[in-house]
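These protein sequence lines are chains A and B, in that order. For what it's worth, the numbering used here labels the leading residue of the first sequence as 1, then goes sequentially. For what it's worth, the numbering used here labels the leading residue of the second sequence as 235, then goes sequentially.
Read the hints as simulated data drawn from the structure, not as lab findings. Be aware that a few hints might be false.
The calculated EDC-like cross-link candidates involving lysine to aspartate or glutamate, where the alpha carbons are at most 16 Å apart (straight line), are [claimed, not checked]:
no. : chain 1 : residue 1 : chain 2 : residue 2
1   : B       : Lys325    : B       : Glu283
2   : B       : Lys325    : B       : Asp362
3   : B       : Lys409    : A       : Asp7
4   : B       : Lys325    : A       : Asp7
5   : B       : Lys409    : B       : Asp362
6   : B       : Lys409    : B       : Glu370
7   : B       : Lys409    : A       : Glu44
8   : B       : Lys409    : A       : Glu38
9   : B       : Lys325    : B       : Glu282
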Amino acid sequence: MTPHPTDDLAAFAIGALDRPDAARVEDHLAACAACRTEVASFDEVAWGIAELAPMNDGAADLRGRVVARASRQRAVASSRSSGFGALGRLFSFRVPVAVPLALAVLFGVSVAGLQGARSEADAYGRALAGVAAGTVVSLAPTPGSDVRGSLVLTEGGDPYLILRLPAPPAGKTWEAWVIRGERPIPAGISGTRSGVVTLVLSENVRPGDVVALTLENAGGVPLPQGPVVLQGRT
Amino acid sequence: MPGRRPDEQLLACIAAGDAEALGDLHDAYGRTVFAVVYRMLSSPDAAEEVVQDVFHSVWRRAGDYQRERGAVRTWLLAIARNAAIDWRRTKGKRMEREVELDAVASRPSESSVEDTVLMTLRAERVRDGVRALPAEQRDVLALAFWGGLTQTEIAERTGTPLGTVKSRVRLGMEKLRQLLAEAAT
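Please put together the full structure from these sequences, using the hints given.
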């Protein structure tokens with residue numbers, strides 16, 4: 001067993017250790033009941049500090065939204081066979097373009113002020129070139145689709161899409177999916193945004209997953225039903 | 235909170251795909267999680283976005299929880315604070331205003347009277363303890379807990395030697411722990 005990190009346990013409990021030190025303490029805790037007890041006592045303090053925060057329940061439907069989001073994923077998980085086979089087969093080719101880019105600073109991509117297809121194309125290109133670190137996977141557009149997009153996988157961060165989107169029709173939204181095996185997992189909607197946008201995926205992307213974008217009813221749907229406009233496999 | 239399932243049982247149910255168990259966990263800790271995130275971000279919209287992401291992380295990662303690493307609420311609090319810190323670093327402007335460990339504000343709440351009383355009593359003990367801390371210990375704890383800074387970052391930001399910051403964090407936490415223990419007996 002490593003030496004007891006006694007002096008670091010209080011800081012560990014409130015998340016004040018640098019990552020390597022925190023990892024070292026975690027490893028030690030896995031094997032040391034005495035230090036776990038010590039940390040647990042500091043956890044009580046940390047929770048006590050948390051309860052000093054001014055109480056505010058947030059939006060009345062926050063709980064409902066939390067449960068609905070989870071239920072939505074569960075519904076997707078339990079309906080693997082319902083009409084998804086065709087979509088799954090559609091995604092079954094490999095998109096080989098995985099271009100690691102280690103360029104300068106990631107710059108913000110805005111939907112504002114983009115005029116016309118050319119400037120949007122330029123902005124989309126600049127957005128891709130501006131990816132600071134990570135792997136960029138091109139997503140293949142369905143023939144006839146005006147949508148363009150790439151998946152960006154980053155070390156330790158949430159995956160996200162850089163998209164060039166036309167405005168969705170009224171009552172519709174672009175919805176992202178992570179398809180794991182035969183299971184489509186809703187991963188975010190673009191709302192009414194158009195132009196060059198980023199969309200952080202709410203689902204991790206694992207090797208072999210397919211990422212896709214479809215046009216769905218506003219607010220999103222638990223299973224993909226609309227036309228596929230982008231697709232690619234990691 | 236009597237009558238509800240134990241935290242670890244809730245988490246096991248969540249890991250098994252029980253969305254209502256996630257709602258129960260939100261019932262138990264959602265207010266405090268929201269309050270912490272709101273306190274760290276100073277934006278109700280951002281706090282709602284982050285809290286939804288926090289509980290979605292719980293939904294996705296419930297199977298990863300290890301009881302030997304700490305209580306469920308500690309795990310949840312860590313997820314929430316990390317999410318708020320990430321949000322601030324990626325989307326929010328860094329808060330430059332001074333943070334205080336025991337800031338109080340009266341905001342409306344719909345929780346039960348019993349819960350509110352219990353939480354208020356506990357908070358009062360902690361608040362008393364915080365007020366009794368030397369200012370330098372109070373400040374480093376505030377920067378760490380609400381500011382999301384590591385000890386190294388606090389040292390750099392305040393121009394204080396790292397060893398001194400570490401001592402202040404440890405001493406401050408030990409004093410608060412002692413006070414809570416005395417109040418419980």
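Now for the hints, and whether the structure bears them out:
1. Restraint check for B:Lys325 and B:Glu283: satisfied, since their Cα atoms lie roughly 12 Å apart, inside the 16 Å limit.
2. Of the supplied pair hints, the one linking B:Lys325 and B:Asp362 is violated, its CA atoms being roughly 34 Å apart against a limit of 16 Å.
3. Simply put, B:Lys409 and A:Asp7 have alpha-carbon atoms about 14 Å apart, close enough for the 16 Å limit, and the pair holds.
4. Between B:Lys325 and A:Asp7 the CA atoms are separated by roughly 34 Å; this puts the pair beyond 16 Å, and the hint is violated.
5. Under the criterion of a C-alpha separation no larger than 16 Å, the hint pairing B:Lys409 with B:Asp362 is consistent with the structure, at around 11 Å.
6. As the CA atoms of B:Lys409 and B:Glu370 are separated by approximately 13 Å, the hinted pair is consistent with the 16 Å bound.
7. This hinted pair checks out: B:Lys409 and A:Glu44 have alpha carbons roughly 13 Å apart, not beyond 16 Å.
8. Our distance criterion of 16 Å between C-alpha atoms is met by B:Lys409 and A:Glu38, whose separation comes to about 14 Å.
9. For the given pair, B:Lys325 sits about 14 Å from B:Glu282 by alpha-carbon distance, which is consistent with the 16 Å threshold.
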